[in-house]
Amino acid sequence: MPRLCKPAVSAPEHVITLDETLAFAEEAHAGKPQLPLALRLIRNTGVLKRHIVQPIEKTLQHPGLTERNRIYEAESKHLTPPVIEQALKNADLAARDIDAIIYVSCTGFSMPSLTAWLINNLGFRSDTRQIPIAQLGCAAGGAAINRAHDFCLAHPGSNVLIVSCELCSLCYQPTADDIGSLLSDGLFGDAVAAAVVRGNGGVGIDLERNASYLIPHTEDWISYAVKDTGFHFQLDRRVPGTMEPLAPVLREFAKDHSWDAGNLDFYIVHAGGPRILDDLAKFLEVDRQVFRHSWATLTEYGNIASAVVLEAARRLFEEETPAQDATGLIAGFGPGITAEMSLGRWSSSDDRELD
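According to the numbering used here, the sequence shown is numbered sequentially starting from 4.
Keep in mind that the hints were calculated from the coordinates and are not lab data. One should not assume that every hint holds.
Using 30 angstroms as the maximum straight-line C-alpha spacing, the simulated BS3-like pairs for lysine-lysine come out as follows [to be verified]: (1) K80 with K230; (2) K52 with K92; (3) K52 with K35; (4) K61 with K80; (5) K230 with K52; (6) K35 with K61; (7) K80 with K92.
From just these sequences and the hints, can you work out the full model?
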């Protein structure tokens, strides 16, 4: 059965705290009528610090899309190799054991995908399948796990590497003064994550079932406006309320697997913001503490887009080891409005098949 092994996660060296974020916002948007509301929203995110690829002063200079995308390509090639190396080590595999690479990112663009560079430079086989996912935003972490699951089922015994590279600070728009831009500039952080889904063996979460769901007619609720200045994040005020319609979907998904979504042993959920986590706890009728890994990720890194579920999963692995066969839910939410859901069972046994 396909098994998600322990993820590896890394964040850039530069840090911006909540107090610094508020100070920069007050300076850049002094006197604007929406500033008080933006400051209140930023304070309520629960984010105490974030990591970014450049000092905040340089980030706020905004050199334009061309230079920002150049930085994205350079930093992605700098930041991903050590994380991939650790993820392979966690899975007890080498680069040549990988049959497919799923690369997810919504904060920069390159063609060919970074998967080609990884294959050419990090020792992967030339016949490694390339599966880049660029437009699912924060849901892409869950989607990557699900597509890795599907690949392993279609190709038994295969191993899939997932790589998430989210440099959200390269999408900050310091001169934009709409509430969506101001909030996103205070919520999103940078991180790189990687994990292996093994077709056989390893220790981690056995992936048993996955599904996707799109809330009808919500495709404009989370979006990018692509301009000369880059990606402008657009957020509808209705987004924080999306857990009310999605919670029944999660319940039905688990019920179809004969599980109760409100009575599982662990939860790995995208930390889009405090309202998302609080509402999901409310509508699933669980204690908010079950989302502790997501809360910790939000507090210490901010919303790191597709990397959130991998970082939350890493925290699960580093906590006290779950009991054998402990049941859990993985869920990523993003543009669409899309939910990517997975059910899994913890396995502490390494049942690798002998060649």
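Verification of the hints:
1. A threshold of 30 angstroms between alpha carbons decides the hint, and for K80 with K230 the separation of about 25 angstroms falls inside it, so the pair holds.
2. Restraint check for K52 and K92: satisfied, since their Cα atoms lie roughly 29 angstroms apart, inside the 30 angstroms limit.
3. Using a Cα cut-off of 30 angstroms, the hinted pair K52 and K35 holds, with the two alpha carbons roughly 25 angstroms apart.
4. Restraint check for K61 and K80: the C-alpha separation of about 20 angstroms stays at or below 30 angstroms, so the hint holds.
5. Among the hinted pairs, K230 with K52 is consistent with the structure: their alpha-carbon atoms are about 28 angstroms apart, no more than 30 angstroms.
6. Of the pairs offered as hints, the one joining K35 and K61 holds, with about 23 angstroms between alpha carbons and a cut-off of 30 angstroms not exceeded.
7. For a cut-off of 30 angstroms, the pair hint linking K80 to K92 stands: about 19 angstroms separates their Cα positions.
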